[in-house]
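Now for the letters of each chain:
Protein chains: 2
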Amino acid sequence: MAKIGATSAGGVERLTLTDTDKQARDLFVKWLERLDLEVRIDEMGNIFGKRVGKNDALAPVMSGSHIDSQPKGGRFDGILGVMGSLEVLQTIDENNIKTMRPLVIVNWTNEEGSRFAPAMVGSGVWASALERDWVYSRIDRNGYLFVDELERIGYRGSVPARKWPVHAYYEYHIEQGPVLEREGMVVGAPKGIVCLHWYDIYLRGEANQVGPTPMAGRHDALCAAAEMILKVNILPEKTGGDLVATVGEIQNYPNSRNIIPDKIHFTVDIRSWDDRLAQQAWNSLRNSFEEIADRRGCPIRIEETWRVAHSRFDAQLVQRVLDAAQDLGYPALRMVSGAGHDASYMNQVAPTAMIFVPSIGGRSHVEVENTLWTDCEAGANVLLRSILKSAAEA
Amino acid sequence: MAKIGATSAGGVERLTLTDTDKQARDLFVKWLERLDLEVRIDEMGNIFGKRVGKNDALAPVMSGSHIDSQPKGGRFDGILGVMGSLEVLQTIDENNIKTMRPLVIVNWTNEEGSRFAPAMVGSGVWASALERDWVYSRIDRNGYLFVDELERIGYRGSVPARKWPVHAYYEYHIEQGPVLEREGMVVGAPKGIVCLHWYDIYLRGEANQVGPTPMAGRHDALCAAAEMILKVNILPEKTGGDLVATVGEIQNYPNSRNIIPDKIHFTVDIRSWDDRLAQQAWNSLRNSFEEIADRRGCPIRIEETWRVAHSRFDAQLVQRVLDAAQDLGYPALRMVSGAGHDASYMNQVAPTAMIFVPSIGGRSHVEVENTLWTDCEAGANVLLRSILKSAAEA
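So the protein sequences, as listed, match chains A and B.
Counted the way the numbering used here counts, the first sequence spans residues 44 to 437.
Counted the way the numbering used here counts, the second sequence spans residues 44 to 437.
Simulated from the structure, these hints should not be mistaken for lab results.
Heads up, none of these hints are tricks.
A pair holds if it fits inside one copy or across any two, identical chains being indistinguishable in the list.
With a cut-off of at most 20 Å between alpha-carbon atoms, the simulated EDC-like pairs for lysine to aspartate or glutamate come out as follows:
(1) K115 with E249
(2) K281 with E333
(3) K206 with D357
(4) K97 with E436
(5) K306 with E56
(6) K432 with D136
(7) K432 with D370
Next up, chain A with everything else stripped away, as it sits in the complex (with noise of 0.2 Å):
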């Protein structure tokens, strides 16, 4: 799987709606159909593979993650989930095991949001969480729509994207934070997912030729910007806590050495388990922006794009992972996540957990991300257990 999409460095680019995401789907989907899953695409893409249950009526137990990466992203961050569920299910099957509830796989489409923003719209919208059409009409940065995308791809289904009962979730995922590494674990069980902030900013500035333009008198947008992006760099200084804020992104127009930028956009990306924290920090990240804006004469526009409040898991199902992985042998720690994750949505449609195996020196979305093949194998064992104590529950 990682071939499809490979950097030269080592890691994987395969954004979301792109032909190597199609590539890589198609793969999915035929090794879906090598199990002989019933496979299912929805109206947003994500892919289902449904293995029968001794009691098929029952509510299934569902685990998976996402086929998407980041631009130059991993190997790991996603895939691990998809494949290490695919290996579950192998496994269940070629020890001829018949569950009581069915199982299924998932695949959701658009975990990363970094082509198009916001994040994890496929889990979004079969929670009802996200209005479907909304998430269609979304743009790239080359002004691609999400929907034309889809389409053009062939995974825009027919089945409605809508929830239905679905008796336990897990996703197994590398950490992608240093925590395990330094405490020496090899299993986390998140007892939850950190809220998310996401603002889209938009500043006007007045172009000129730098030569002839006096200092006095300009309106620079990308000075401007530089002092928003160190007020987002201090926030969480200011702030206490556990909060973390980010500037990943920024456009620059016209982008020309000589010439007064005029347009700018940047992103800001705030997090904590605290939601009453991050909404503090916001607020008070707002007024400072706009106090720039207006002190520099660069109108600005703000859009808050995305919001997630903390998502608890299910306290029952996260004591499970981790009384696996004690079974197992296997290391194990009660931890927070600090990335969101298709099991945030998940959480709000049925109890869920996440299997998390530590990312070597906590690097991840970078082509050098790496987990060792012995703690990838601790994961999935964990998650075979637990699949198997929920899909046998009544």
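Dock chain B against chain A, hints included.
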């Protein structure tokens, strides 16, 4: 001419060595041929059109400017001096005037430097101030080589780009600043051009998923750049004098909203009439940059892309422009040019002067760039008189 590369907002986009540049060059050459000029294209793509003089062995009087534009630039920058010279030659023709010295009209390649840095390379190589092969090897944002693009549009001529004796060089241009308009003047005669420094700054950071990566220990290249951009912006206030300093261009990688930026390129443009002040300002800026890079753990690489000392035009020729304006009844001002021009390199080869006309609102390098037609006519009349005077000199 303004139809070639016309933008919807009334400007022009005719980046050097693109198809639109080629179209405009073809039209220019057609017009030169219509005037029966002897057309020569040199190995830099500079286009010369020569009108014979009564004493054709004498060094010619030259005038011209450039056809290329900024991205989303205006309809006057550069091209006014080309069309103005053409109008002068046509007027001389229509009046059956035979000048003693030959006259040469010129279009210099890549004055703007916004596609291939640095700027003014056509005149720079011709004046022996730049190396031809170094310019040939410059690469644009998309990886295209200067020499390949020159070849591709069919303007890599066979004549060596090497200076020859020139009796006087005049360049007619819009002011690109607010001074003439503010002072109620129609014609400006710059005593010279400010010095110009261009730097390219490259920063490395460490990419990571923004959510699970604690603030402490981050190496965010965009934050380092933001600090540096603000240092550039306050530099003129710190140094005093007539210095201006600008960051016009920035590239951020991977430029994804949930990845910490790990690679930045940005530009610095510093100008002053006082070479020493500019050098001191840069030294102090460089120290700030290194301190910031060090403190934030973001390795920095600084490329000193281009440096031109301030350039004092020929006093007698500048006076001639002022006299011509006075004779014609146009209010005229001795001033300084804050923008670089091919005249800067020509000044190293021959007595040189420029003729400025007002930019409405001081705006240039933008689509709304504009100059009154009556002012355009005034500038062309001053150019005609100045050329005739120089061409009559023994």
